[in-house]
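Undergrad: For reference, the chains in residue letters:
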Amino acid sequence: MSEHSAQMVHGHSPALVHQFETEDQQREAGSLGMWLFLATEVMFFGGVFMAYIVYRALHLPDFIQGSHMLDVKFGAANTAVLICSSLTMALAIHAAQTGKSKSTIITYLILTMILGAAFLGIKFTFEWTSDWREGLVPGFHFTYGGPYASGVQLFFCFYFFMTGLHALHMITGLGLLTTLTVMASRGRFRAEYFAPLENSGLYWHFVDIVWIFLFPLLYLIGGRFGGGH
Amino acid sequence: MSTAVADIHEVPAESRVNYLNASYGIKSWLFTTDHKRIALLYLASITFMFFIGGAAAVLMRIHLIEPQGALVQPETYNKLFSMHGVVMVFFFLVPSIPATLGNFLVPMMIGARDLAFPKLNLISWYIYITGAIFTLYAMISGGVDTGWTFYTPFSSLYSQTHVIATALGVFITGFSSILTGLNFIVTIHKMRAPGMTWFRLPLFIWAMYATSVIFILGTPVVAIAIFLVGLERIFHVGIFDPAVGGDPLLFQHLFWFYSHPAVYIMILPAMGVISELVTCFSKKRIFGYSIVAFSSMAIAIISFLVWGHHMFVTGQSVYAGLIFSALSFLVAIPSAIKVFNWTSTLYRGSISYEAPMLYALGFIGLFTMGGLTGLFLASLATDVHLNGTYFIVAHFHYIMVGGAVMGYLGGIHFWWPKITGRLYPDAWARFAALVVFVGFNLTFFPQFMLGYLGMPRRYAVYPDEFQVLNVMSSAGASILGVGYLIPLIYLVWSMRYGPAAGPNPWGARGLEWETPSPPPTENFEEIPVVTEEAYNYTGARQTAG
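Those sequence lines, one after another, are chains A and B. Here my numbering is used: the first residue of the first sequence is 431, the next is one more, and so on. Here my numbering is used: the first residue of the second sequence is 21, the next is one more, and so on.
Hint data in this document are derived by calculation from the structure and do not stem from the laboratory. Just so it is clear, the structure is predicted and the values come from calculations on it, not from any experiment. Fair warning: there could be bad hints in the mix.
What the hints assert, rightly or not - Restricting the straight-line Cα-Cα distance to at most 20 Å, the calculated cross-link-like pairs of lysine to any residue (SDA-like) are:
#1 K139/B with F645/A
#2 K503/A with L606/A
#3 K503/A with A548/A
#4 K139/B with L446/A
#5 K139/B with L606/A
#6 K139/B with K503/A
#7 K139/B with S461/A
Unchecked claim - Covered stretches of chain B, going by a simulated chain A footprint (3 or more residues, C-beta under 8 Å):
#8 93 to 100
#9 230 to 238
#10 250 to 259
Glycine residues also receive a C-beta, built at the ideal position from the N, C-alpha and C atoms.
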């Protein structure tokens, strides 16, 4: 049976793929798939977080020392940037859901990408380069010799590994957003079909939430403004 | 033979369109999204890796004929057992049943046309191949000597072998498992045919579901553990180096957090196969369907709580050891429940002894032995004596080979007619099953005794008094090897010369048996509506006096 006459008989949209019987089934399967994938990501980051927790418990003064050598204002700015990017992502999905024009969807997607790029820009050009200049990059250029030197090196291992892994996921997210922008510009999304936006939005929010955990765990150990202990 | 073809099912396979002949050419296979073809792609790759891992084992057993070693240098022996473990665990056992039988059968058993994400399924195979290439490259360049367990600080700091390439191969292949598990869970949740309620599902599906839960939750953690070892090797940063505040034991916790559930990844699918075989060849409903289904889930969940039993002698807290020991006893219970249920299914069944049933019966006995010996290892005091000895080696080979591999072979033989549309010669198959059984026991039972007597594992040399048992073990290994080669020959032979199988040569129950053999690409002309319970066998001798 040709695809055209099959559509006429079954009345389904061209977005329905052959293994599903209905669009609802397809949408639910896609959503469940993305939630499961995020569960694997939780376990993936969870492994590193576990290692971090163990070493922080074993070497707390070292971690406090290392944390105080990070620049809180950049970390805080990045947190704000990412939260805003989650907002613009949600707005993009909402625009599709409420049948707004494709240029509205594209605008919000591009805003999200700009904010994501800003996050990476702040991290790479401000934070990481100054860490390099100060000799705080284990394995490459680590010259810190002050108190708790070996523990501080361990701290910075975790800092670069965790934020690096997070950045990799952000870059992947930017790739996803690019694909979505191209799809939107071709008019693929409408009120009845925006599942790729929704599922990518889940991914983007997840990457945001990982940062929400990373920021206090890395930047705010031992209190900052006279607080903590 | 009648010339009139009364039943479409008697039309020879070649003249009907099915998934094997629907399209031709290498591209139609390498770019397929049909779950059945992808299952065959996996079958070929996994069989190849099995014989690579087996070759390493053969070399090891030849070497161990003499107390001072008969074949290789100790450094090479270390590489042999490491590659045997890495290849057999990550590239054979973990994917074996899920990626071949699971991929083929999950959609068919639930009445779907394909998995939820067919392209992801194909990608998972390419990821598997990529990981395998890295690991084979590492092997050819000289291998690793860390054991498949990659313990730090040896793997992170001191080993001079190809740790990173091997670890990278394992890391990459892990994503193949994750995608397969994700695909199965979504498919089973969302694509069951009308009337296929959860408690009408074949128990093989419950087993695949439980296995997929472990894939999803466990594999990412070993990925991170391996990643950290790689980072340490490349950047010398001290994550596992005590000199700079690192803890080598952290690696073991992260590694075993996956690798213990991983052993359940390796056995749960085989248990699912056994449920299918035992019911078909007793022509009887499974005894205690929901208990068997729940036990699969219980095994999956509890398996995440017992990893410390691999670390009793590492100096970890005795109280932690106590808890892990108690939980390890607990996890044995659902497995034992399955054995009781299978046995009760056999009772008063109409039993026949075709090859798949021989593998199933072998499984029940050998898995029970392997499982019971695990209790000695789960007890703190006896583990102190047995840890690091051949007792452990025998224990896990009884489960992995006597259990999982026999379950795999039983499943391959059972569904072979469905997959290929051909019958293999059952006399040869039964003979091979017996050769495997005899060879297996001769290989591994002496290893229990060796371990009890104190022979350490992973040693290239041993004291003279252990030679007799080692020679017995090596003799058994040669028989076992023959037992594995025989099916390779007749199964390949059957693909061309075997008689047509028809849709249901075994008289089995299940949606997959209600399609032609081999099935059409879309599995079902119309999605079936399910009205019966699973294993609705009648005619067994339940009421006979």
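Undergrad: Compare the structure with each hint and give your call.
TA: Results for each hint:
For the given pair, K139/B sits about 36 Å from F645/A by alpha-carbon distance, which is inconsistent with the 20 Å threshold. At roughly 29 Å between alpha-carbon atoms, K503/A and L606/A are farther apart than 20 Å, so this suggested pair is violated. Proximity of K503/A to A548/A is assessed by CA-CA distance (about 14 Å); at most 20 Å being required, the pair is judged to hold. Proximity of K139/B to L446/A is assessed by CA-CA distance (about 15 Å); at most 20 Å being required, the pair is judged to hold.
For the hint pairing K139/B with L606/A, the CA-to-CA distance comes to about 17 Å; that is within 20 Å, so the pair holds. For the given pair, K139/B sits about 44 Å from K503/A by alpha-carbon distance, which is inconsistent with the 20 Å threshold. For a cut-off of 20 Å, the pair hint linking K139/B to S461/A stands: about 16 Å separates their Cα positions. Counting residues of the stretch 93 to 100 of chain B whose beta carbon lies closer than 8 Å to any beta carbon of chain A gives 0, which falls short of the minimum of three for the stated coverage.
Proximity of the stretch 230 to 238 of chain B to chain A, defined as three or more residues with a beta carbon under 8 Å from a beta carbon of that chain, is established by the 3 residues found. With a cut-off of 8 Å between beta carbons, the stretch 250 to 259 of chain B has 7 residues touching chain A; three or more are needed, and the interface restraint holds.
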